[in-house]
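Once you have looked at the hints, place chain B on chain A.
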Amino acid sequence: MKRKGLGFYLKIYGKILAQDLKSKMSYRADFIISTIGMIFTNIAGFVSFWILFRNFPSINGWNYYEILFLYGFSLVSLTPVQCFLDNNWSLRMYVYSGDFIKYCFRPINLFFYYQSEVFDIKGLGQLAFGIGTLIYSWIKLGLGFTPLILLKTIVFLITASLIMMALQNAAAATCFWIQNSFYLLDLTLKFKDYAKYPITIFSPVFRFIFTFIMPIAFIAYYPSLVILRPDEVPLLSWLSPLFGCAFFWFSYKLWMFGAMKYSGTGS
Amino acid sequence: MKLKKYLSLTRIGIIESRQFRLATVIMVIGNLLYLIVVYFLWKSIYASVETDVVNGMTFTDTLIYLVLATALFNFMEMYAVWEMGRNIQSGKIVLDLLKPIEYRRYLFWSYSGSFVTQFFFTFLPTFIVVSVVTHGAVPLGINLLYFAVSVILAVLINYSIDFIVGTICLYTESIWGINIMKQVIVLLLSGATVPIAFFPEPLKTVVYYLPFQSIYNAPLTLLLDGSPTLETVVTTLGTQLLWCVGMTLLGKLFWKFSLRQITVNGG
Numbered sequence: 001m002k003r004k005g006l007g008f009y010l011k012i013y014g015k016i017l018a019q020d021l022k023s024k025m026s027y028r029a030d031f032i033i034s035t036i037g038m039i040f041t042n043i044a045g046f047v048s049f050w051i052l053f054r055n056f057p058s059i060n061g062w063n064y065y066e067i068l069f070l071y072g073f074s075l076v077s078l079t080p081v082q083c084f085l086d087n088n089w090s091l092r093m094y095v096y097s098g099d100f101i102k103y104c105f106r107p108i109n110l111f112f113y114y115q116s117e118v119f120d121i122k123g124l125g126q127l128a129f130g131i132g133t134l135i136y137s138w139i140k141l142g143l144g145f146t147p148l149i150l151l152k153t154i155v156f157l158i159t160a161s162l163i164m165m166a167l168q169n170a171a172a173a174t175c176f177w178i179q180n181s182f183y184l185l186d187l188t189l190k191f192k193d194y195a196k197y198p199i200t201i202f203s204p205v206f207r208f209i210f211t212f213i214m215p216i217a218f219i220a221y222y223p224s225l226v227i228l229r230p231d232e233v234p235l236l237s238w239l240s241p242l243f244g245c246a247f248f249w250f251s252y253k254l255w256m257f258g259a260m261k262y263s264g265t266g267s
Numbered sequence: 001m002k003l004k005k006y007l008s009l010t011r012i013g014i015i016e017s018r019q020f021r022l023a024t025v026i027m028v029i030g031n032l033l034y035l036i037v038v039y040f041l042w043k044s045i046y047a048s049v050e051t052d053v054v055n056g057m058t059f060t061d062t063l064i065y066l067v068l069a070t071a072l073f074n075f076m077e078m079y080a081v082w083e084m085g086r087n088i089q090s091g092k093i094v095l096d097l098l099k100p101i102e103y104r105r106y107l108f109w110s111y112s113g114s115f116v117t118q119f120f121f122t123f124l125p126t127f128i129v130v131s132v133v134t135h136g137a138v139p140l141g142i143n144l145l146y147f148a149v150s151v152i153l154a155v156l157i158n159y160s161i162d163f164i165v166g167t168i169c170l171y172t173e174s175i176w177g178i179n180i181m182k183q184v185i186v187l188l189l190s191g192a193t194v195p196i197a198f199f200p201e202p203l204k205t206v207v208y209y210l211p212f213q214s215i216y217n218a219p220l221t222l223l224l225d226g227s228p229t230l231e232t233v234v235t236t237l238g239t240q241l242l243w244c245v246g247m248t249l250l251g252k253l254f255w256k257f258s259l260r261q262i263t264v265n266g267g
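Quick mapping for you: the protein sequence lines, in order, are chains A and B. Residue numbers are given in this note's numbering: position 93 of the first sequence equals residue 93, and the series is strictly consecutive. Residue numbers are given in this note's numbering: position 94 of the second sequence equals residue 94, and the series is strictly consecutive.
Pulled out of the complex, with its shape left as it was, chain B reads as follows:
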């Protein structure tokens, strides 16, 4: 059975992440603080203008968008760049390369366990709290299905970007710098810091042609739109699928090419 070996990696991941209970508690506190800051910040920002709607977004829309973007970030961020970088520096990567499983897949599936726990412990509670606090401003209907599909695609795109960036570590032996650059670019250009709807014109168009908006903006736009037209759904998911395939292929090729170049310190 082919899937079984992957699912056992998932299981290990779940058990592993359950070991760090205190870490989960602190992370929840940190998230809570962040939500409080975002809430008050945008409340006072919206209080400074006369209109309720700015760039097609109300205060509630913006709040849901940003809060869920953070929840998605916590759920998707798996520090793959760190893991790869550390393994490259310590030489442990040699052991992983010898495993009878493709490294790219191995890494993904060994993180899948934390996806599952993060989903239930951070994303779902945040989602429920937001729906209750905003008195059902999140439309619950067919858009949830689109959202789910879109999130899965987003996870894959995010992982591919991480993997490509991690491969760069093979050459530079710099982890912190590469990782922080990636994180900053992704968070800003994906709309996780400020919703893309607020971006000024030329920048907005440029951002739509980049893969990053497919990570946070695409799923959240689909979620917030109560009755999306078929056209919107198809173009959004289609763009995501294109990026997903493109980035995966690029990552695979780059990795294959780089593997021939590396020198690893004796592990």
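Pulled out of the complex, with its shape left as it was, chain A reads as follows:
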């Protein structure tokens, strides 16, 4: 099969996206309520930090605004997984019912085609809230603004997104082998709640686990260090873009491997 170029895929994505948005717009109330729900979740996270820091001056040497920065960072980096890969949540249903086989007959990349079917707009509400939080803490911390720091922020946000996407892909792909992958997906969703704390609060054993075995420290902590503590950036932070790409590539291969050995249900 001839390989299709990036432009081809972008064009197809635009077309599928338009169809998806049209069908979503027919449930307008649902769209509005879901967006409000998303913003509620983010505000609740904000409020719990606010309550905490009214009682305590800092957590492990991290002040209120630094923690908010981590929080905003994790929200922004979670947006791609929310917007582009939301169909992963339905994967187990498609696989179970046998409907997944329809994706296997298209002459385009299977992973791309499957994920492109759903674009979750409510992720954009989260993105706006996350950017707002980032800017607010940025100003309060007096971080300054140069093109270099902006470039760093963008690169490391992409890194963090790649890692979150990799985790979710891998969790969703397990449904090709086990019946109910919902709980694994739900577990990875919970990771994002843990990602907003600095990893230094943990004991060395768990620091190791959360860095190498369940790499949640890469979602906000290691990338943020580059911007928040530029004098003491560990090697791991600089390596994290590499890790991000590697993890994502691996999860993609796992997903495709599962999909390729999928034999349908015969219906």
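Don't take every hint at face value.
Said to hold, decoys possible - Derived lysine to any residue pairs resembling SDA-like cross-links, with alpha carbons at most 25 Å apart: (1) K24/A with L22/B; (2) K190/A with K182/B; (3) K192/A with L22/B; (4) K92/B with K192/A; (5) K182/B with F182/A; (6) K22/A with Y171/B; (7) K190/A with L32/B; (8) K204/B with I51/A; (9) K182/B with F40/A; (10) K190/A with F198/B; (11) K140/A with L124/B; (12) K192/A with F198/B; (13) K24/A with Y94/A; (14) K182/B with D193/A; (15) K190/A with P228/B; (16) K182/B with I36/A; (17) K182/B with D86/A; (18) K190/A with Y171/B; (19) K92/B with W89/A; (20) K204/B with F182/A; (21) K190/A with K92/B.
What the hints assert, rightly or not - Reference listing, derived: stretches of chain A covered by chain B, where coverage requires no fewer than 3 residues with Cβ under 8 Å from a Cβ of chain B: (22) 225-235; (23) 239-249.
Since the hints were made in silico from the structure, they are not lab data. Where a beta carbon is used, it is the ideal one built from N, C-alpha and C, also for glycine.
Frame of chain A, contents of chain B only:
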């Protein structure tokens, strides 16, 4: 025999939930991770202040409170909103309405089986681990009895809130958004994320006038208080009972009223 038909629903629920063993294992792992995060987070939070007691709560108190709140959440959360919403969208609800049993009761009793399994597989182990780890900081006496009564009331209040929220789905046809809003509000305002004792003043008073604190805060306060005065017990349980009756009635009336309004897609 009237109770027999309900108990057979309980039995079915127990058998059903035993089918998903892997899901239980993953849930236990997820809980364990959460407990680890909570432990280290609050340890470093308490390390940042000089005093041992903040707002009348020591580190151990806070830990027991939050860990058991999570255990209670896992045990009480039955995704009734999801179930109702899905049944409304698919039209299956028509079949449930035709059953010779009130829908509200049917739903509750069909979940009661998972209450039983969740209690033995998540709540009880967590409770024992917490008691051992904190070297008997959980007082074991008459307060256990109050706690048990309080938890039963909390389950009923939680179910009533779920049922009311589920009824709203009849109108909006939005499940995710409604459910996430409910979950966020309940978890924050019931003290499951940050203990209510830490809330700043005006907010604290407001929260005490809302039904949510009766779900997690009330049972946990009764449990942690080794020798509660009669007055505390009576006011806490009394408030819970009031909310329980009030929310149940409200749910019933709302459901009865809404049932006349709905249009269901052919099931």
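Exercise. Which hint numbers doesn't this structure obey?
Worked result: 1, 4, 11, 15, 18, 20, 21, 22, 23
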